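One line per chain: the protein sequences are A and B, in this order. Count along the first sequence from 1, then add 82; that gives the number in this note's numbering. Count along the second sequence from 1, then add 1; that gives the number in this note's numbering.
FYI, nobody ran anything at the bench for these hints, they're computed from the structure. Careful: at least some of the hints might be erroneous.
Stated by the list, open to error - Listed next, the in silico SDA-like pairs over lysine to any residue satisfying Cα-Cα at most 25 Å (straight line):
| hint | chain 1 | residue 1 | chain 2 | residue 2 |
| --- | --- | --- | --- | --- |
| 1 | B | Lys427 | A | Ser165 |
| 2 | B | Lys103 | A | Arg256 |
| 3 | B | Lys497 | A | Gln116 |
| 4 | A | Lys177 | B | Asn653 |
| 5 | B | Lys188 | A | Glu164 |
| 6 | B | Lys582 | A | Gly247 |
| 7 | B | Lys368 | A | Gly168 |
| 8 | B | Lys497 | A | Thr109 |
| 9 | B | Lys568 | B | Arg606 |
| 10 | B | Lys513 | A | Asn130 |
| 11 | B | Lys587 | B | Asn653 |
| 12 | B | Lys497 | A | Ala119 |
| 13 | A | Lys177 | B | Lys582 |
| 14 | A | Lys177 | B | Val101 |
| 15 | B | Lys188 | A | Asp121 |
| 16 | B | Lys368 | A | Asn229 |
| 17 | B | Lys426 | A | Asp111 |
As the list claims (entries may be wrong) - To spell it out: a stretch of chain A is covered by chain B in this simulated footprint if at least three of its residues, at any positions, have a beta carbon under 8 Å from a beta carbon of chain B; those stretches are:
| hint | segment |
| --- | --- |
| 18 | 122 to 136 |
| 19 | 172 to 178 |
| 20 | 225 to 234 |
| 21 | 237 to 247 |
| 22 | 258 to 267 |
| 23 | 270 to 281 |
Fair warning: this is a prediction, and the values are worked out from it, not measured in the lab. Note that the Cβ used here is the ideal one computed from N, Cα and C, for glycine as well.
Letter by letter, the chains look like this.
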Amino acid sequence: MTTTRILLSLALVAALLPLLAGCLFDTRDPEPPQTAAIDYLPRSSPANVWENCRLALTNRDSGGWDTAVSENFEYVPDGDTESSFGGIDWSGWNKEVELAFAGNWFATGADIVSASTQWVDDGISTPGGSGGFAEWDLIYYFTVNSNGSTTRYRGRAILQFELEGSYWYLSYWRDEQGEQDPDNPSSTLATMGALRGTFSP
Amino acid sequence: MLSSVLIMLLVAGVVLAQDGDRSTHGSSAAADSSATAPADTTEIDTTNMTPAMRANLARLQAERDSRDGAAVAEDADAEPDNRIFHSCTNTPEVGTKANVTKANFFARMGNEVKVYGGGSISEAYNFSYDSYRRQDRTVEARGATVTYLSGEGAEPYKLLPVLLRLEASTNWSEDITVNSAGRRNTKQSETRRAGVNASRTNLRTGPVVQHLSAGWFYNSTAGVNLGETNERSDSELNGAVRTGIPIAEGLSLATRLYGTQRLGDNALAGVDSKAETTGDTLGVGGYYSRNGLSGKVVFTQSDFDRKFLDYRRNSNGLVDTTNIPEGASKIVEELEEKDAWEIAWENKFVLLRRFHIDTKMSHKYDKQQYNQSQVGAKERNNDLVTVGLSFSVGADSLAFGYEYKWDWDDQTFLGADDSRGRQYKKYRKVTANWIRPIFANTDLRCGYSGELAQDIAENEFNQNDRDRLTQDIDFEVTSNLTPTFYTSLRSGYLRKDDVAIRQTLSANNNIKRTYEVAPQYRWDISPRVQLQQTFRMYIQYQDYVYDALESVRKEDTFNKRGNLATKVTYAPNDRLEIIVKHDLNKKYNGTLVSEDLAGRESYSRDSNQTINRIEFGLTWEVAEGLKLQTASFRTEDETVRFSGESSSSSANRSGELWIGAVVDQSWDLGAEPLTFKGRLKRFLAYGPSVTDTSDDYWEADLLLKWTF
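Next comes chain A alone, as it looks inside the complex (with noise of 0.2 Å):
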């Protein structure tokens, strides 16, 4: 009997934790807003999700990447990346990684002044994808400014979206090399996994 009163008091106590969450997940009050809001596109095609990573990237918004990388996010290093940082498990890269890697990065002020893209092949109708599934081949380009310092990435790399739930997401994301800076065709640009690198957490 007092065993049973025992176990019986302790599963009341542990009902109570998730009234208790309540408090535990008060959120701040945000400041209101003095700018327009990021025009982030639906997430209705794998084009839209993409140029909402651009979005992301250029106005710091880790909300924004979080809301276009998919929960099964994957991200697999260039040769280069992979040797300059042999710490790192990058098999391990998932969507909790990434979003660390994101928050690090964004946390630095760092000002992501430019980023395009360049399809390597044209005869790839890639936005659109086909049941739930896209694979793109592209080469990125963007430019950072941190604390008076200019750096440049260019990187080929493949990507996949794929369709969950009702949103399209950024499921994979291969860097294959690193790509020819467009200023000084002699030299050889890196490609993000050296950012993700620097800032895994």
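Given chain A, work out where chain B should sit, using these hints.
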């Protein structure tokens, strides 16, 4: 300081053991050392311990022996072979692995000879070649390793009072990549390592058990990438002492002291310099197991210093050779210092055999500083508390969990007087689960999960102040109504609040709500035929918090998707199985256009999408060790988009067919087994996302291995 003490001990001739392969590579060494609990690798007198504690220690010991490459772990009861050389084994193997990304070819040759005293000499040679299908890239690698392990043979065959390991290895690789502009880069790397490690385990002085180790190695690395050379050679000295002391029944203490030093030369992009690395780790742990309580308290402290040549780096630690002051070199002589410490407590409490509480608390702190990099000094702090509680009352089983993380980091840029301010990350999570049988063969499961993640920038040095709240409730009823009919009904509610605190980003604050209901059943119509159907309905809303403000210009959205999946499995006999699947998806997207005074919302439809997918799969076991497989799918994707009074539609079709075989064959050639294992598939695909490299390709994983 600690490393100096250790090196003095080494000079005094103390025989040390193991950990010789714990070389220091970059800043990860200190972190690795601090991550290992000191008592986890120390043998302790288990006489006074509970059976559970002894079993746990035995498991840990087995893991350690396995890690330490115990070719010496021969059965102690076996009659030792007293010949100088015996039991020679050769293992050649060749194989290939191919997929849509690359084709890999590899060959390995292993050779091992047992030697007197329980030791062994082993050699291994390997070669691999990768050819990338999408890129203009090839990677070739070669390597060789020779190892002598003296063994800890039983008396009278014991050769040495210590376990001696001599090893030499060399690895070479070349990675040739041509980028999209046709520019070719050759990245080469060659590493060499040779040295000796001596270890002595289970050295007993009364109740105290010690493990000692010492090692010396020569390391050489030479590489070239993007036309820049990077060479380094050094000699490495390391040592470790691990001690275990039983204090009382169910209570023991373990300590670990580890130190390493590397001295040598470094040349980077034509600049030469001396290189030096020192590191040490001290660990102390207390273990207990009494009266339903078991756990450990561990303290670890480590220091690490490294002098090396490096490229100039910006305040984020990224290589920055384009913003160099006039006249300055892009190469700098860097000094990196890192100190870290951690204290952790883990506890398990069992009451009345059915009430369990698991608790974990830890505090970690580290400071990293650079003399040349614009990164300057960085501090990091991590605090963690987790509590798990589980018990059963009558027919009910309940489990609750709480997790709290409180982290911060701070940075003082090189040359700055003040730090930039702390970036805090706070995280809380509560989970609750309840399982109850409601009637015969039918269970109810309820779950709740809530988590709040907060980013807070001290002094507002950035705009990254954000709260993310996720709450998830789900219910599931599962039932085996009859032995051949299984059914379940799952429903769930998920809410995500995305709250940016600063006025520059708060316009996008929104709440996403998802409702889901998913009934399903599986019916074994006969032992050879099975039918399974799942229906899932998702409804998602995205509500912008400030959509009423004219400046925000965001509209709430609505999405609905229904999915009906049907699967029929037919196995006419034990060697043949056929699967047919059909998947029907209908999806609607809409945008809020009005809300009346009663709060009724009206949405306009933006698009309709219908996806039909049919799949067919077949597996046929032709003979023992040989299976033929094939699968195919066809997909049709139709979308209609509405814009005002007009609409546009598009349709895409895609499909794939693959055929393949799985082989698992072994031939016994006079007790020298030759095995062939493999999986081979050919893919043929079409559709808008299919490229020249993915419309027709082979996927293979083949291995031929002979042991003689």
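Verification of the supplied hints:
no.	hint	in the structure
1	B:Lys427 to A:Ser165	violated (32 Å)
2	B:Lys103 to A:Arg256	holds (13 Å)
3	B:Lys497 to A:Gln116	holds (23 Å)
4	A:Lys177 to B:Asn653	violated (29 Å)
5	B:Lys188 to A:Glu164	holds (13 Å)
6	B:Lys582 to A:Gly247	holds (19 Å)
7	B:Lys368 to A:Gly168	holds (21 Å)
8	B:Lys497 to A:Thr109	holds (12 Å)
9	B:Lys568 to B:Arg606	violated (32 Å)
10	B:Lys513 to A:Asn130	holds (18 Å)
11	B:Lys587 to B:Asn653	holds (15 Å)
12	B:Lys497 to A:Ala119	holds (18 Å)
13	A:Lys177 to B:Lys582	violated (30 Å)
14	A:Lys177 to B:Val101	holds (24 Å)
15	B:Lys188 to A:Asp121	violated (43 Å)
16	B:Lys368 to A:Asn229	holds (21 Å)
17	B:Lys426 to A:Asp111	holds (17 Å)
18	122 to 136	holds (count 3)
19	172 to 178	violated (count 0)
20	225 to 234	holds (count 6)
21	237 to 247	holds (count 4)
22	258 to 267	holds (count 6)
23	270 to 281	holds (count 6)
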